[in-house]
Structure formats: structure tokens, C-alpha cells
Amino acid sequence: MSDWERGWLELSVSALDAVSRVDTLEAVEAARVEFLGRERGRLTALLRGLKDLPLEQKKVYGPQANALKDAIEKSLDARRRALESSALEAGLASSAVDLTLPPPPWPRGRRHPISETMNEMTSILARLGFSLAEGPQVETDRNNFEGLNVPADHPARDLQDTFYLKDLPLLLRTHTSPVQIRHMEANKPPIRIMAPGRVFRHEAVDASHSAVFHQVEGLYIDKNVSMADLKGTLSVFIRGLFGPKAAIRFRPSFFPFVEPGAEVDVRCLLCAGQGCPACKRSGWMEMLGAGLVHPNVLRFCGIDPAVWSGYAFGVGVERIALLRYGVPDIRMLYENDLRVLAACHEGARRRP
Numbered sequence: 010m011s012d013w014e015r016g017w018l019e020l021s022v023s024a025l026d027a028v029s030r031v032d033t034l035e036a037v038e039a040a041r042v043e044f045l046g047r048e049r050g051r052l053t054a055l056l057r058g059l060k061d062l063p064l065e066q067k068k069v070y071g072p073q074a075n076a077l078k079d080a081i082e083k084s085l086d087a088r089r090r091a092l093e094s095s096a097l098e099a100g101l102a103s104s105a106v107d108l109t110l111p112p113p114p115w116p117r118g119r120r121h122p123i124s125e126t127m128n129e130m131t132s133i134l135a136r137l138g139f140s141l142a143e144g145p146q147v148e149t150d151r152n153n154f155e156g157l158n159v160p161a162d163h164p165a166r167d168l169q170d171t172f173y174l175k176d177l178p179l180l181l182r183t184h185t186s187p188v189q190i191r192h193m194e195a196n197k198p199p200i201r202i203m204a205p206g207r208v209f210r211h212e213a214v215d216a217s218h219s220a221v222f223h224q225v226e227g228l229y230i231d232k233n234v235s236m237a238d239l240k241g242t243l244s245v246f247i248r249g250l251f252g253p254k255a256a257i258r259f260r261p262s263f264f265p266f267v268e269p270g271a272e273v274d275v276r277c278l279l280c281a282g283q284g285c286p287a288c289k290r291s292g293w294m295e296m297l298g299a300g301l302v303h304p305n306v307l308r309f310c311g312i313d314p315a316v317w318s319g320y321a322f323g324v325g326v327e328r329i330a331l332l333r334y335g336v337p338d339i340r341m342l343y344e345n346d347l348r349v350l351a352a353c354h355e356g357a358r359r360r361p
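Letter 253 of the sequence shown, counting from 1, is numbered 262 in the numbering used here, and no numbers are missing.
Treat the hints with caution; some may be incorrect.
Each computed DSS-like pair below joins lysine-lysine, with the alpha-carbon atoms no more than 27 Å apart [as the list claims (entries may be wrong)]:
| id | residue 1 | residue 2 |
| --- | --- | --- |
| 1 | LYS254 | LYS289 |
| 2 | LYS68 | LYS83 |
| 3 | LYS68 | LYS78 |
| 4 | LYS197 | LYS240 |
| 5 | LYS175 | LYS197 |
| 6 | LYS254 | LYS232 |
| 7 | LYS240 | LYS175 |
| 8 | LYS240 | LYS254 |
Simulated from the structure, these hints should not be mistaken for lab results.
All chains should be modelled from the sequences, with the hints used to inform the complete structure.
Pasting the structure below:
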């Protein structure tokens, strides 16, 4: 028996036995290289030696050697699939979910602090009997200025204060007061409405000002409405936002659409009235403007001021949100920083 024949007989027995005993994917690859590798594979070396055999032996051992090669390849492939399947089953078993356990907490979304503040403001007014009224954000000069007794030469009408639409007699409303004009023209007194919404001012953006912000306005028209009614409503409204101990003061002021007019301040919530940078060392923070509806506004809307009277007020939502949540810069409310928003909600949760 030639050396080639002895090597072939030994390999035909040992190769398949060795493949059947490998227990890792790395060992499968090592066995493939050992038996079938192009450079040093044992079977590869035998196949190269076929050329040295007599022709009759080549005809006998050639097909048998190729059959052994196919058998080794199939055995390696079967062993690889078996090991991969075992690894997959082990991985699934180790990561199986216990369906009897409670699920992990799912992160819940929350309303934005501005939306939350506006909802609370409108909720308080709704309890006071105010119904919701809305209007377009793109308005006419008539509804935004003329109907509100704003003179033609008033600074608010200047380009540096108002966004006007190019080539159109329209503008972006500077307050939600046009909603009041539309409602008074379309409805007869008595009227009690609130008008929340987005407004626009052409002004520089800084820590306390934004070109786009939100307002909530209120309007009440009835017979014999007085400043006492306005003061009572605003006292309930502000204390509903800041607590029953909030100190409030009214100061005379001027607005073209009310007469008399007033500004309402709240004792600074940050320094308890002692004076700080937020309140400009005064101990008070300006909250809103208000007053009795000007007779010219009533006449413009077809309401007889000799019979009917009323009050109106408007408050910036962002101003309230800054105070309630202790945010020092209005721009932080618009940056979508989850840390700021989460801190706002945590502060609201602790607020009495």
C-alpha cells in the first residue's frame, strides 16, 4: 500500500470524526482550514498527490477523494448550522421576557409650559362665566387699530412695531383685541368672552420680549358695569393663578381703547416684595393692562354707550409662565430644551 493510500484511508476516518466533535463556530472554521485549506489542507494535499498515482489508481481514488471532500464540506456546514441554532436558542432563552412582570415605565409627554399656563388661565375665566372666542391671526388695520380707537398717528401703527403684509392691506395682529371687535359686531350685549391666542410684535427679542407670543384677553359688556366689577374679576383671576395670598395693586394708566385705564401689578413672587432685579427693585411686577371699554369702541361696534358699558383686560401668557415656573429668560421657553421643560413641570408639581 502506497503512502498516498494510507493517508487517504486515515483521513477518510479521522476527518468526519473530528468535524462531528467541534463545539464552537471558531472550531468549525479551524477544521475547515485543517482539512480543506488551499495551502496546507490535508485533503487538499492528497488531491494534489493524485497526479503521482498510476492511471488505474487515479480512476479509483479520484472520485472517492472528491466524494470525501463533499462529505467533509457537508459535515462542516451541518455542524455550523447546528451551532448557530444552539447559540440563537440560548440567546433567546437568556433574553426572554417574563410576561408576569409589570412593563418598564413609558416616558409620557406633557403639555408645554405656555400651553399649560394658557389652559389654566382660560379655565379660571371659564369658571367666571367667560366663553371662548377666536379670530384670525392675519387681520385688517380696521379691526386691529381703527376699531380700538387707536389714532392714525399712534406709534403702534409704525412699521417698527407692527408686521404688515407686503402688497396687501393686512397685518399680523398685535393683540387678540380684534376678536373683541368681531364678536361685538356680530353679537348683541350682554357679552362675556375670553380671547386667547398668538400675537406678533415687530420688536427685538431679548430676555423679556419676543416677536411672537401669546395673550389672553377678556371682555364683559352689560348694563352698569363699573371698575369695581373689573377689580373683582381680576382679583379672582390673579389669585387663581398665584394663590390666595397674592398681593395686587391697581395703577392708573392710559390705553386708547379703555377709559379709565389701569395696570395691575402683583407683589414680586421671587423676592416677596423686598426688591430684586426681576422686579427692578420695586417689589412689584406688572401683570396686565385693563380698563372700562372706551365709548368710541362701543359706538364703532354698533353698541350704544348710553345703555351699555363694559370692561376689558389683556395679559401676556409668557409673562405669567415666567413667574410661575421661575424661568429667567423668555427665550428658554421656545428652545425645546427638555431639561428646562422638565424643570418647569417639576416646579409646577411642587407648587402649592
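The hints, checked one at a time:
1. LYS254 <-> LYS289: Holds, at about 22 Å.
2. LYS68 <-> LYS83: Between LYS68 and LYS83 the Cα gap is close to 24 Å, so the pair holds against 27 Å.
3. LYS68 <-> LYS78: The given pair, whose Cα atoms are some 16 Å apart, holds under the 27 Å limit.
4. LYS197 <-> LYS240: Judged against 27 Å, a Cα distance of about 24 Å means the pair holds.
5. LYS175 <-> LYS197: violated (35 Å)
6. LYS254 <-> LYS232: violated (31 Å)
7. LYS240 <-> LYS175: violated (41 Å)
8. LYS240 <-> LYS254: holds (16 Å)
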